[in-house]
Amino acid sequence: MKLKHMMLSSAFAAAVAAAVPLQTAAETPPDVMAMAWNIDAISTFDPAQVGEVVTIELLANTCDRLMEYDPEDETNIVPGLAESYEVSEDGTTITFKIREGLTFPSGNPATAQEMAWSLHRVLKIGLGAAAALTEYGFTAENAEERITAPDDTTLVMQFDQAYPISLVLQAIAAYPVATLMDRDTIMANEVDGDMGNKYLATRTECVGPYHLARWNPGEVVILERNEEYWGEQPAMKTILIRHVAEAATQRLMLTSGDIDVARDLTPEDIADVSQIEGIEIATALKPQLTYLALNNEFGPFTDPRARLALRYLLDYDAMGQSFLRDIGVIRQSPVQLGAFGALSEEEGRAFSLDVERARELLAEAGVEPGTKFSLILGTHPYSMPIGQHFQENAAEAGLDVTVERMANAQLFARVRGREFEMAVMSWQTSVGDAHGMASRQIYNPDNAAEAKLTQYPSWRSAYFSEEYNQRVMDALLEPDTAKREELYHQLQLDQMQEGPQVFIFQTSQNVAYRTALKGWTFHGFRTFYNMVSK
Amino acid sequence: MRVAAQGGYLTPRRRRRLREALVAIASIGVTLLGLVALTFFIGRMLPLDPVIKIVGENAPQAAYDRVYRELGLDQPLIVQFLGYLKSAVTLDLGNSLTSGRPVLEDIGRVFPATIELATVAMVIGTGLGVPLGVLSAMYANSWIDHVVRTVCLIGYSAPNFWLGLMGLMIFYAGLGWVSGPGRIDFVYEYGFEQRTGLLLIDTIMAGNWDAFRNAVSHIVLPAAILAFSAMTYISRMTRSFMAAQLTQEYIITARVKGLSWRRTVWRHAFRNIAVQVLTVIALSYAFLLEGAVLTETVFAWPGFGRYLTSALLAGDMNAVVGCTLIIGLIFVTINLICDVLYRVLDPRTR
Amino acid sequence: MDDMYQHGVRGWLAAPVPASAAQARAQQIWLGCKRFAANRSALAGLVFLLLLVIVAWLAPLIAPYNPFQQSLAARLMPPSAAHWFGTDELGRDILSRIIYGTRITLYIAVLTAGIVAPVGLIVGTIAGYFGGWIDLVLMRIVDVFLAFPSLILALAFVTALGPGIENAVIALSLAAWPPIARLARAETLTIRKSDYVAAMRMQGASHLRIIWSDVIPMCLPSVVVRVTLNMAIVILTAAGLGFLGLGAQPPSPEWGAMLSTGREFMMNAWWVAAMPGIAILLTSLAVNLAGDGLRDVLDPRHD
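Protein sequence lines, in the order shown, are assigned to chains A, B and C. Just so we're aligned: the first sequence equals residues 1 to 534 in UniProt numbering. Just so we're aligned: the second sequence equals residues 1 to 350 in UniProt numbering. Just so we're aligned: the third sequence equals residues 1 to 303 in UniProt numbering.
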């Protein structure tokens, strides 16, 4: 019997001893910024390929662009690698003056020649990011002719039309396609004529304040400071970014001091942690809209009244006060707040829950009660609540909606292939101009199924209107600013009544950070790691 | 239980054993082939689009078509299968669609985390499970037996991902006894050289005791949760082996000779079930790897299980198929080892 | 009359020497029931399961609220008199959802059992009875499936098939039939060699007939026990699939899926994750208890 007791008690003691190692309170080192963020969308660091929000932010902090966003004002573009620029009389040619004496981390000189090559490269590789250039008339074929470097400090871009200059600067010069890539190092590592696409998947070979030191997919990204950087040295030596998908975990890490910054908290978490001393919340509106994408080829949605009806089936106020509180601003216009030409917040919010009105509209459109709809959505935390909320209201209006959640890759595949009826989608533009959204959400160059313009949400939704195409182009090329703004206002008001999608909200990004960290700076288009200090 | 073949050192017997071994190898070969075929089949059924993962959502159609051909998706199925078989044999599992790196390399990177977790869990599970099983058989139908059996029953019935969540809520968020999700606090993570990938060992080798304590405080909870289900299995099996032994005649003889009950059980009966218990422990190790899938998800443990689930959710077909294949191989191997252990160690099969 | 009848039945069941095969079988079942009822924990498990069936059946009458009714203003309310188990992230009553969720859990468990038992039984008996290359081929297939842990296999299948409750059932069945087949084969091997099967053959009975009328009934008890015990694993695996978002799709109140949304609110609303977890635990506990009791009755050879 003694043995039994001994054994039991020793087993118990072992269990207790194992449980006692006390949690050690941690603090991040003074020259490190540690951040938790859902970064599983990263698939490569090649600027010719990236399109994901996360990678664009990381590239912006590792690779300088021709022009940069002003940290204080997201509508202002300031010099970056280019000290200055000139626009030709007719407005079709921009000449950038590139800084002298730039070098790559490899020691190779970095000049306008490499910049021109970098832009050609994006077009020749022809992956996702190329759309930023092709939209303004550049192609793989005309690249070498239209984008040239007459000498080491001059870069000339010749456009096919006189686009608004501020728009072009945002869309191209301040976008990751205009990064200065180390041609010699990259081409030395070319595989099968891929122009370094494989090599750059896990590297940043460019001019910038930080470089990518490590990327373990779904785990961690580490940026290290470039000691030879041409500009002002950032205060933080290392930026550690840990992939944490769950908001609750991010919150725990932040409150225990394991990280300095948490990027993906839920509204509840934000409300709670903002009460904690030593933690602050920063908020910025992003140029990203989330909407119900409607396939306009699908029977009922060919009738604009049916599409309009769905706009009355969401309780925008209740959503804004519950699961979208602090993470989004209700936005029913196709143009984001803060963009040139956008409707005011009040004007861009014309609808509210009205099941009766929806029922009438559906009846007018000839949609029978009991009609089945399928709604597909991805894994973002807000997608499912939106889906279920819509499902419930739609049921009251007599529609039978099935909701199916799937991996984002699968969702994109379905929507790209027009194999959907309704989907919860988001679209982010890279420019603070109404054209950014209008050119993709309304304008559709070719609605044919074979055209496969999958980078156009309008094409995905099979929405095509000659009239609206013309209106988008008219607005773009209207030289008078006041008139141009007025054209965009009317465009949005009309689209809200008959457009292809049901716009719901604009993302408002919340960042919770420990106050030991100073100078956290971000806005809709850019986050500035180089301004952070401790 | 496995029936071990009789064998000896005589030539005809040896020849028979050789033949048996060859048959065994052949059947393992067939099983492995089936394994490959099954994973290939699963991979082809996936409705996800691997091309989009590579070219990006906004890629032009031309780039899409090029990658589609590069992946060989335009080939007939049988050609694809043969290619897949060839790469499986050479353990070239292709590149992960999310990380762009070879799947095998990715798995190699995340595996130490799982091995560490499963090993600690197995040590705890064995340390508690074997004594409890023996005690429960020794004092059958006593209160100890009832307590052990009840605990086991709960271990069988509770979803371990839920236990993990509750454990985190209570011991981490509530009481603050242990550290939270992850293997080690972020700030320690790159403060020492990771030679083996087993953090408990690496931190000791680096002499970084703060980091070691931190790693221990991270592993305790997930390992304990995993150990719970291993303990359940081990103690249940140990109990039934021991119960069978205790009805044997030699036990009664030993008792009649005046040996104490305790001595009889531990000195005599236990020796006879040792090999069986060992195989159960080895098998439970395989099940720990399975249990790790959900536990790692809950604890954000950067191991094999989380790699697999994030690959599942990201639609990374190559990684899913690769992981499934590897798990299958490990399972087959562990079973084989158990079999060999049994034949080599069990005195009755000598 | 009633009394007489009961007495008659009792007497018939207790008769020392059964007069007919039917009476013998009835006596056996009666004895089994008595043994099962004597096992208090098994009885408790069975009663709980019966309760679940009733709850599932009468869900609309029992549930205090509509399980789908949202109220965004009342989201994440802690347990109270109005909402015994609190409310979830869309303000739905968790108790009502758990009550409706019983239907899904039972549906998955019963359907899986309904697929796995016959498939396993047929494959196992055919392999065991005919032996030779049929056995070899079938058992290799079983081996291949057994080479994967069932959760991993189910995960892989359900990812391939796409999420949804029917696909989850298929995936779970694909992962669960091989052990049943192996068990049925082992049982069949012992029966095949028995004298009365030889006697049946001599009388010219067809293989199919022998399998159908002799082999399968003999295998049935142990298969039933194993399938019942497997149900606990199926319930847990199904919850795991739901937890990963691969099971029943919204707004369906599947317990595992409810638990997984609860994970997001772990820090500020513990009840969202705790309640469905308890429901899963109790159900699989009940199945295990009932299964153990059933084994003692039906399969006394087991240690």
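Source of the hints: derived by calculation from the structure; they are not laboratory data. Fair warning: this is a prediction, and the values are worked out from it, not measured in the lab. Be careful, since some hints might not be right.
[As the list claims (entries may be wrong)] Computed, partial: chain C to chain B, Cβ under 7 Å:
1) Val137
2) Val144
3) Phe148
4) Ile152
5) Ala156
6) Ala160
7) Gly164
8) Arg192
9) Leu236
10) Ala239
11) Phe243
12) Asn268
13) Trp270
14) Gly277
15) Leu281
16) Ser284
[What the hints assert, rightly or not] One-sided excerpt, in silico: chain A residues whose CB lies under 10 Å from chain B:
17) Ala201
18) Arg359
19) Pro381
All C-beta atoms in this analysis are idealised placements derived from N, C-alpha and C, irrespective of residue type, glycine included.
Here is what the structure says about each hint:
The beta carbon of Val137 of chain C comes no nearer than 10 Å to any beta carbon in chain B, farther than 7 Å, and the hint placing it at the interface is violated. For Val144 of chain C, the interface hint holds, since its Cβ comes within 7 Å of a Cβ in chain B; the closest pair sits about 3 Å apart. For Phe148 of chain C, the interface hint holds, since its Cβ comes within 7 Å of a Cβ in chain B; the closest pair sits about 5 Å apart. For Ile152 of chain C, the interface hint holds, since its Cβ comes within 7 Å of a Cβ in chain B; the closest pair sits about 5 Å apart.
For the restraint placing Ala156 of chain C at the interface with chain B, the shortest Cβ-Cβ distance is roughly 5 Å, inside the 7 Å limit, so the hint holds. For Ala160 of chain C, the shortest C-beta to C-beta distance to chain B is roughly 4 Å, which falls under 7 Å, so the interface hint holds. At a threshold of 7 Å, the smallest CB-CB gap from Gly164 of chain C to chain B is about 12 Å, leaving the interface hint violated. Annotation: interface hint on Arg192 of chain C violated; nearest CB of chain B at approximately 17 Å, more than 7 Å.
Checking Leu236 of chain C against chain B by beta carbon gives a least distance of about 5 Å; that is within 7 Å, so the hint holds. A least Cβ separation of about 5 Å between Ala239 of chain C and chain B falls short of the 7 Å threshold, and the interface hint therefore holds. With its C-beta approaching chain B no nearer than about 6 Å, Phe243 of chain C sits inside the 7 Å limit, and its interface hint holds. Nearest Cβ of chain B to the Cβ of Asn268 of chain C: about 10 Å, over the 7 Å cut. The hint is violated.
Interface restraint check for Trp270 of chain C: the shortest CB-CB distance to chain B comes to about 6 Å, inside 7 Å, so the restraint holds. A cut of 7 Å between beta carbons decides the hint on Gly277 of chain C: the least distance to chain B is about 4 Å, and the hint holds. A least Cβ separation of about 5 Å between Leu281 of chain C and chain B falls short of the 7 Å threshold, and the interface hint therefore holds. Nearest Cβ of chain B to the Cβ of Ser284 of chain C: about 4 Å, under the 7 Å cut. The hint holds.
Because the beta carbon of Ala201 of chain A sits about 5 Å from the nearest beta carbon in chain B, less than 10 Å, this interface hint is met. Against a cut-off of 10 Å between C-beta atoms, the interface hint on Arg359 of chain A is violated, since the closest Cβ of chain B lies about 35 Å away. Proximity of Pro381 of chain A to chain B is violated relative to the hint, the smallest CB-CB distance being about 14 Å (cut-off 10 Å).
Hint compliance for this structure: hints 1, 7, 8, 12, 18 and 19 are not met, and every other hint is.
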